[in-house]
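> Listed below are the residues making up each chain.
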Amino acid sequence: MAHDPNRAPRHLGADLVIPILAVVFTLYFFSTIWNSPWTAQVSAFSIGGVLLFICLLFFIKVTGQLRRGEGRLTFTSLVNFEDIRSGRVALIGTTIGFCVLIDTLGFTLTTFLFLWLSMAILGAFKRLGRVTITSAILAFGGWAVFILAFETRFPRGWFEQTMQTVLSNG
Amino acid sequence: MGETASLLATVFLETISFWWVIIPTIFLGLIVGGIPGFSAANTIIILMPLTLAMDLQTGLIFMVSLYCAARMGAGIPAILVNIPGTAGAAATPLDGYPMTKQGRGQQALAISFVASSLGGLLTTMIALAAMPILARVGFYMHSVEMIVVMLFGISLIASIAAQDMLKGLIAGFSGLMLGAIGTDVVYATPRGTMGFLELYDGVPLIPALVGLFAVSEAFIIIEKRVILTKQGQKAMENPSWAATFEGVKDALSRWTHIGWTSVIGLVIGVIPGAGASIASFVAYQQSRTFSKTPEKYGTGHIEGLVAPESANNGVTSGTLVPLLVLGIPGGATAAIMLVVMQYHGVSFGPSLFQQEPEVGYGMFMAMAVSYLLMILTIIPLSRYMSRVTTVPTIYLAPMIISFTLVGAFVPREYMFDMYLALAFGVIGYIARRTGYHVAAILIGVILGPLLETYFLRALKKSEGDMMVLFSSTLGNILWVALVVSLVLPAVLDWRRKKRELLSS
Numbered sequence: 001m002a003h004d005p006n007r008a009p010r011h012l013g014a015d016l017v018i019p020i021l022a023v024v025f026t027l028y029f030f031s032t033i034w035n036s037p038w039t040a041q042v043s044a045f046s047i048g049g050v051l052l053f054i055c056l057l058f059f060i061k062v063t064g065q066l067r068r069g070e071g072r073l074t075f076t077s078l079v080n081f082e083d084i085r086s087g088r089v090a091l092i093g094t095t096i097g098f099c100v101l102i103d104t105l106g107f108t109l110t111t112f113l114f115l116w117l118s119m120a121i122l123g124a125f126k127r128l129g130r131v132t133i134t135s136a137i138l139a140f141g142g143w144a145v146f147i148l149a150f151e152t153r154f155p156r157g158w159f160e161q162t163m164q165t166v167l168s169n170g
Numbered sequence: 001m002g003e004t005a006s007l008l009a010t011v012f013l014e015t016i017s018f019w020w021v022i023i024p025t026i027f028l029g030l031i032v033g034g035i036p037g038f039s040a041a042n043t044i045i046i047l048m049p050l051t052l053a054m055d056l057q058t059g060l061i062f063m064v065s066l067y068c069a070a071r072m073g074a075g076i077p078a079i080l081v082n083i084p085g086t087a088g089a090a091a092t093p094l095d096g097y098p099m100t101k102q103g104r105g106q107q108a109l110a111i112s113f114v115a116s117s118l119g120g121l122l123t124t125m126i127a128l129a130a131m132p133i134l135a136r137v138g139f140y141m142h143s144v145e146m147i148v149v150m151l152f153g154i155s156l157i158a159s160i161a162a163q164d165m166l167k168g169l170i171a172g173f174s175g176l177m178l179g180a181i182g183t184d185v186v187y188a189t190p191r192g193t194m195g196f197l198e199l200y201d202g203v204p205l206i207p208a209l210v211g212l213f214a215v216s217e218a219f220i221i222i223e224k225r226v227i228l229t230k231q232g233q234k235a236m237e238n239p240s241w242a243a244t245f246e247g248v249k250d251a252l253s254r255w256t257h258i259g260w261t262s263v264i265g266l267v268i269g270v271i272p273g274a275g276a277s278i279a280s281f282v283a284y285q286q287s288r289t290f291s292k293t294p295e296k297y298g299t300g301h302i303e304g305l306v307a308p309e310s311a312n313n314g315v316t317s318g319t320l321v322p323l324l325v326l327g328i329p330g331g332a333t334a335a336i337m338l339v340v341m342q343y344h345g346v347s348f349g350p351s352l353f354q355q356e357p358e359v360g361y362g363m364f365m366a367m368a369v370s371y372l373l374m375i376l377t378i379i380p381l382s383r384y385m386s387r388v389t390t391v392p393t394i395y396l397a398p399m400i401i402s403f404t405l406v407g408a409f410v411p412r413e414y415m416f417d418m419y420l421a422l423a424f425g426v427i428g429y430i431a432r433r434t435g436y437h438v439a440a441i442l443i444g445v446i447l448g449p450l451l452e453t454y455f456l457r458a459l460k461k462s463e464g465d466m467m468v469l470f471s472s473t474l475g476n477i478l479w480v481a482l483v484v485s486l487v488l489p490a491v492l493d494w495r496r497k498k499r500e501l502l503s504s
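Same order as they appear, the protein sequences are chains S and H. Number 142 in my numbering belongs to position 142 of the first sequence; there are no gaps in the numbering. Number 338 in my numbering belongs to position 338 of the second sequence; there are no gaps in the numbering.
For the record, the hints were derived by calculation from the structure and aren't laboratory data. Owing to the predicted nature of the structure, the values given are computational and were not obtained by experimental measurement.
In the DMTMM-like style, the derived pairs of lysine to aspartate or glutamate whose C-alpha atoms are separated by at most 25 Å in a straight line are: (1) H:Lys101 with S:Asp83; (2) H:Lys230 with S:Asp83; (3) H:Lys497 with H:Glu295; (4) H:Lys230 with S:Glu82.
All chains should be modelled from the sequences, with the hints used to inform the complete structure.
Following this line, the structure appears as structure tokens:
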């Protein structure tokens, strides 16, 4: 097929991330079963073998596209300045913080902090009053429904323990 | 015959008198089904003391209604925000979410509710009538036949990969490799676990579902102010009942489609261990195969929404058949029902329908009545539910992340599962941004361990002879059906293009 010079080149570097991760993981997987009984190997070797073959075909295809000038080894479709501007990078940061803190602070407080900070960042720190009220309603509502009503074993912290003491004492 | 009909009529009237239990349970089921991690099974476990305290009839009606409603509820977030509530609804967003983005969320919800209710109702009737025959399906499905059923599910990868075959296959086989993580089924050798004890049981499905669909979607949707397209926003400015009725009409006009795809769900539901996720993907794939417009699938095509929704509700009645006739639960919820029924001293097997027919028939009647009441109570809500799509993403994205990540924690109560969901979220985000379909990865994760189990069983039986895969008559019939379903779309597509070429 003839290459259209007016068409924007594709970001082939980003397209390679998933196949490279797949190859690395498959080779790691093979290393963990190399000395195992055949029952542990047969299915993984069959599936992994097919996956490596498909990835090889994909690498050949990408090499061809690079040689024809249809794409570049760039990652712009995956990571770009827009990710910082839109707050996506910050959202990933607050999400990691949510996972780390929830075990210590408990569901309600961590959810409130996460919602407030994420909404504030995504909203460029405007309408903070609305953000605070929304975060508080959602976090408190989540506590009332999941912990109080359904007694789901969400991570508990200071707030949950205090409320339990308050409620059990009438 | 006359005696059975009169018994069925009595049981029906008696069940409908429990409307005061069924209607609140329907709403509870819709909520728990819609939140990843809060499946019907988990909710029934949480409410087990309450269920055991009720009399048997009330307890069973409560559990059955919750089961049906949760199955339907799982489709609501799948359609509105591209996040399936359970793995059984993972095929629903393929066409449901594009409809929402086009501003047809209200129609999509109405279609889903009608397809789910009619599919569930129809398969309940079929299960009731053909119970002795259906119960035997489980006996005929050995490891070889199950391998072919799994391959039917995997063949959806090919459908999804229609745009870029290599990317689709890489996504699907990567999912299968991830699904192989954990100890092997014979010697318990840990494989690919990266040293995490939490992965010895394999990759848990809920964190994978939450990460691939919910977390990655939240990272994507913040690019826009709302998730709707401009055309969608215009359509949602003046929501009307007409859109709901349009959805109901669209679904009803496809009643044959609802019929045969729900039967796929029923048959797969009868096979213990197969489940709604496989049924919905198989139904979607078959619907696309036999469609005159397969190219429309994935773009907001009504039949692409009808097929998985009616199939996963067909599974609900299917799972009751082996439970009641053989005492073998077809899934987690059915297993909990078994415990409750045993607590009340109910015996299983053919004797159940002779000694306590009101219990056996009563469960199917509870299902039928629940579906009937669901049609009446839920469809009017689609107009209000679809308003979720107008919530600005700066509020929606953090809400999705926080509540679904905690949902990933609930089933096993490991903090590790939240991190795992986050890792799957990052994989899902990369996949979405670079054109690899997250549904194909999820199919792999679901089917990987099942396929390996049946594959090993078959090889063990034949002492390593691969020809065992073609050793049974039913298996060979299924192999032919599989090949036909893969080849047929290509042939039909080739013929259509040839005709278009000739006419132009």
